[in-house]
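Protein chains in written order, with our numbering: chain G, 752 to 1077; chain D, 752 to 1077.
Hints listed in this document are in silico derivations from the structure and should not be mistaken for laboratory results. There could be a bad hint or two in this list.
When chains are identical, the list treats them as one kind, so a pair holds in a single copy or across two.
Below, in silico cross-link-like pairs of lysine-lysine (DSBU-like), each with a Cα-Cα straight-line distance of 35 Å or less [unchecked claim]:
(1) Lys910 to Lys989
(2) Lys801 to Lys851
(3) Lys1040 to Lys801
(4) Lys987 to Lys851
(5) Lys890 to Lys989
(6) Lys851 to Lys1040
(7) Lys956 to Lys801
(8) Lys861 to Lys956
(9) Lys1040 to Lys989
(10) Lys851 to Lys989
(11) Lys987 to Lys861
(12) Lys890 to Lys972
(13) Lys972 to Lys910
(14) Lys889 to Lys956
(15) Lys801 to Lys890
(16) Lys889 to Lys801
Number of protein chains: 2
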Amino acid sequence: MVFDQSLGVIRMRYRFGVDIGGTSVKAGVVDENYRILSRGSVRTPDTFEKSMKAVADLLFDLAGQMGLSESDFSCAGFGVPCSVIPGTGRLVFANNTNWKNVSIKNELSKYLSIPLYFGNDANCAVIGETLAGAARGKKHVVMITLGTGVGGGIIIDGKMFAGGDGLGAEIGHMPIVYNGIRCTCGLSGCFECYASATALIRQTKEAMAAHPESALNAWAKEHGEVNGQTAFDCAKEKDPAAMEVIDQYTSYIATGLGGLVNIFRPELFIIGGGVSNAGDALLDPVRAKLSSYTLAYDVVGSAPVQKAILGNDAGMIGAAYLDQMN
Amino acid sequence: MVFDQSLGVIRMRYRFGVDIGGTSVKAGVVDENYRILSRGSVRTPDTFEKSMKAVADLLFDLAGQMGLSESDFSCAGFGVPCSVIPGTGRLVFANNTNWKNVSIKNELSKYLSIPLYFGNDANCAVIGETLAGAARGKKHVVMITLGTGVGGGIIIDGKMFAGGDGLGAEIGHMPIVYNGIRCTCGLSGCFECYASATALIRQTKEAMAAHPESALNAWAKEHGEVNGQTAFDCAKEKDPAAMEVIDQYTSYIATGLGGLVNIFRPELFIIGGGVSNAGDALLDPVRAKLSSYTLAYDVVGSAPVQKAILGNDAGMIGAAYLDQMN
Chain G
752 MVFDQSLGVI RMRYRFGVDI GGTSVKAGVV DENYRILSRG SVRTPDTFEK
802 SMKAVADLLF DLAGQMGLSE SDFSCAGFGV PCSVIPGTGR LVFANNTNWK
852 NVSIKNELSK YLSIPLYFGN DANCAVIGET LAGAARGKKH VVMITLGTGV
902 GGGIIIDGKM FAGGDGLGAE IGHMPIVYNG IRCTCGLSGC FECYASATAL
952 IRQTKEAMAA HPESALNAWA KEHGEVNGQT AFDCAKEKDP AAMEVIDQYT
1002 SYIATGLGGL VNIFRPELFI IGGGVSNAGD ALLDPVRAKL SSYTLAYDVV
1052 GSAPVQKAIL GNDAGMIGAA YLDQMN
Chain D
752 MVFDQSLGVI RMRYRFGVDI GGTSVKAGVV DENYRILSRG SVRTPDTFEK
802 SMKAVADLLF DLAGQMGLSE SDFSCAGFGV PCSVIPGTGR LVFANNTNWK
852 NVSIKNELSK YLSIPLYFGN DANCAVIGET LAGAARGKKH VVMITLGTGV
902 GGGIIIDGKM FAGGDGLGAE IGHMPIVYNG IRCTCGLSGC FECYASATAL
952 IRQTKEAMAA HPESALNAWA KEHGEVNGQT AFDCAKEKDP AAMEVIDQYT
1002 SYIATGLGGL VNIFRPELFI IGGGVSNAGD ALLDPVRAKL SSYTLAYDVV
1052 GSAPVQKAIL GNDAGMIGAA YLDQMN
C-alpha cells in the first residue's frame, strides 16, 4: 500500500508476475497478499523480439482490464525456463526456446518503464510456494519440479539462493549416476535423467518391453499413450512391473534429495511439477527411502517432503516477488 | 585491537583456534591478521571429559607461554571432526571419536569463561582458507578435503554455510553413484566412497590385483605399503594401470564437483587434505574433466580449482574466526 498525495488516498500497489515458457507466456496481476487478481496468457511467438513485444502487450491488456496503468505497478518479475543473469536479464542457457545470450531486460525496457526483475522459473516457483504456498513461513526450503526436466529452487535463510553468480541451483543437473545416461544438457548421469517425467515415461516403457504381460501394456493400449500417470495407476492395482517402476523411480528421487538434505538441511522439501499430482503414491515411498540417504538420520532426522500446492501460480507469484527475495 | 582504559594503551586481542581430531588436538593462538603466533598439541585422551580437560589445559599453557591470560583472548573456536550444533556445541555425529550427543560447550565451560564457538572441521578449514589462504578475498567458495573421508566446507556471500540447522555442507555424503558402495556412514554411493584417500588406496589395490605386472606392485613392494601417493608416483612414470587409476579417480572427483558447480556456482573450488599434495597431477585432470560436468560450460564457464595452501593451519585459523563467519 502507498499513500497517494495528489488524491489524498491510500492505493494498492500491484505487481506483474510473468511465467515465460517455451510454448506459452502466462502473466498475472499480483497483489500484496500474494493473490493473483487477474491473469492471461499468449502463445510464445517464434522470435525473441516478437515474444518480448507479446509479453509487454499482455501486461498492458491485463492492467487495462482492471482499469490500471503501468504506474499502479511497483515492478514486473519474469520467470524464464533457463539460466538468467539476474541483474542484466541476460539469458545464458535456454534449452527450450533457442534464446541464448540475449538480454530480456534490454528488450522489455523498450516497452516497460517500471523496475524489471528476472529469475529462473524453478527459482520463481520456490519463492511462490515459500511466500504463499506449501512452505509458507519456512526459512530453509528446497523445491524440485518433476516435469519434462527437473527444476530446482532453493531458499536459504528466507532468501532465494541461485549460486554465486545467479546461475546456480540447477539441482536437475547434479549427477547421481556416475557415467550415467546422457542428458539433453550434454552432461551425463544428471538427476533429471532419472527423476523427470520424461525419465519416468522411459522407465515405464522399459518395463513394458521387459514384461509384455504387465498391466502397463493394457493401460497404454486403453489410453493410447504412456505418460507419467501410467505406472502410478497400475501400481495402485498391484501390477508387479508397475510397482517395480515406482520403486526404482522413487529411489532415484530419494538419492537426489539425499545429497541435498546432507548439504542444505532444509526445513522442508517441496515436490512440484506434473508427476507430483500422483500425491502420496509418489511422496510416501520418497519419504521412506530418504532416511536411507540422510546422514545420521537416527540422530538428526531428515526433512519432511510435501507436495507443492500452488501449481502454475507459484511461478507467477514468485516472479512478482523476485525483488524481495534476493 | 582494543583500547585498554586502565592502562591507557591499545592492546592486541587474541583468539584461540582449536582443531579437535580423533587422535590429537591441535591449538593455536591466532592474532587479528590470521597469524598463528604460538601452537601446541596433545594426544586425544580416551574419554570425552578427559579430552575437554586436556583441551583447556593446552589453551592455558599456550597463553601462559606468551605471558597472556584468558582475558587477553576474545574467544575460543573449536573445529570438531563431526556434525555439531553450532549454538550449543552439541556433537550429533562423531564417527571417529565415539562422542555422540554430548555438549562440548557445557564441558569446556567448566574451565573457560570466554565465548566459545563450534564448527565442523571442514567448515573451519574453508573459513581459514577464505580469510587467509587460497580463497582470500573470495565470497563464494566450495572446499573439499580428501583424507580418510571427504570433508566439505561452503562459503556463500562471505559467510559459512552449514545448512538450515548447522548440520549440513556434508559434501562427502552426497551420492554420486546410485546404489553404489556402502559408506562408513551407513549410506551408499557417497562422494566420499570414491574420492577420499581411502577410496584412492582401494582403487589402487584393485588395479594392482588386476595388473600384477604394473609398476604399482613394484612401488608397493619397495615402500612396504600402498598409500594415496602410489598411483600418482607410478602414473608419472607412465605406468598404464596407474594412469587408469588416476583417470578414474579424478573422474569421480569431477563428478562430485560438477554437481556442486551447477548448484553453488562458486568463484573457486579448493581441494585440501592429504591427496591434494599431489598438486597439479591431481588438479589438472580434475579441471579438464569438470567442464564435462558443468551446465552450459561453453557459455558460462566453470569455477577454477586450486590447492589449499594452509594445510592443517586452516582449521585452527578458521576455528578462531567462527564467530565472524556465521
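Now for the hints, and whether the structure bears them out:
1. Taking CA atoms no more than 35 Å apart as the test, lysine 910 paired with lysine 989 passes in neither setting, with 43 Å inside one copy and 50 Å between copies.
2. With identical chains, the CA atoms of lysine 801 and lysine 851 are at most 35 Å apart within one copy only, with a shortest distance of 15 Å there and 62 Å across copies.
3. Proximity of lysine 1040 to lysine 801 under the C-alpha cut-off of 35 Å is found in neither arrangement, the shortest distances being 47 Å within a copy and 39 Å between copies.
4. Within a single copy, lysine 987 and lysine 851 get their C-alpha atoms no closer than 43 Å, and across copies no closer than 42 Å, so neither meets the 35 Å cut-off.
5. In this assembly of identical chains, the alpha carbons of lysine 890 and lysine 989 never lie at most 35 Å apart, being 39 Å within a copy and 52 Å across copies at closest.
6. Taking identical chains as interchangeable, the C-alpha atoms of lysine 851 and lysine 1040 lie at most 35 Å apart only when they sit on different chains, with a minimum of 24 Å there against 39 Å within one chain.
7. Taking identical chains as interchangeable, the C-alpha atoms of lysine 956 and lysine 801 are never at most 35 Å apart, the minima being 39 Å within one chain and 61 Å between chains.
8. Neither within a single protomer nor between protomers do lysine 861 and lysine 956 lie at most 35 Å apart by alpha-carbon distance, with minima of 48 Å and 64 Å respectively.
9. Taking the shortest Cα distances, lysine 1040 and lysine 989 sit within 35 Å of each other inside one copy (20 Å), while across copies they are farther apart (44 Å).
10. In the homo-oligomer, the alpha carbons of lysine 851 and lysine 989 never lie at most 35 Å apart, since the shortest distance is 46 Å inside one protomer and 43 Å across protomers.
11. When the C-alpha separation of lysine 987 and lysine 861 is checked against a cutoff of 35 Å, the pair qualifies neither within a copy, at 53 Å, nor between copies, at 59 Å.
12. In the homo-oligomer, the alpha carbons of lysine 890 and lysine 972 never lie at most 35 Å apart, since the shortest distance is 46 Å inside one protomer and 56 Å across protomers.
13. Taking the shortest Cα distances, lysine 972 and lysine 910 never come within 35 Å of each other, neither inside one copy (47 Å) nor across copies (56 Å).
14. Taking the closest pair of Cα atoms, lysine 889 and lysine 956 never come within 35 Å of each other, the shortest separation being 38 Å inside a single copy and 48 Å across copies.
15. In this assembly of identical chains, lysine 801 and lysine 890 lie within 35 Å of each other by CA distance neither inside one copy nor across copies; the values are 39 Å within and 39 Å between.
16. Taking identical chains as interchangeable, the C-alpha atoms of lysine 889 and lysine 801 are never at most 35 Å apart, the minima being 39 Å within one chain and 40 Å between chains.
Violation of the numbered hints given earlier is confined to hints 1, 3, 4, 5, 7, 8, 10, 11, 12, 13, 14, 15 and 16; the remaining hints are satisfied by the structure.
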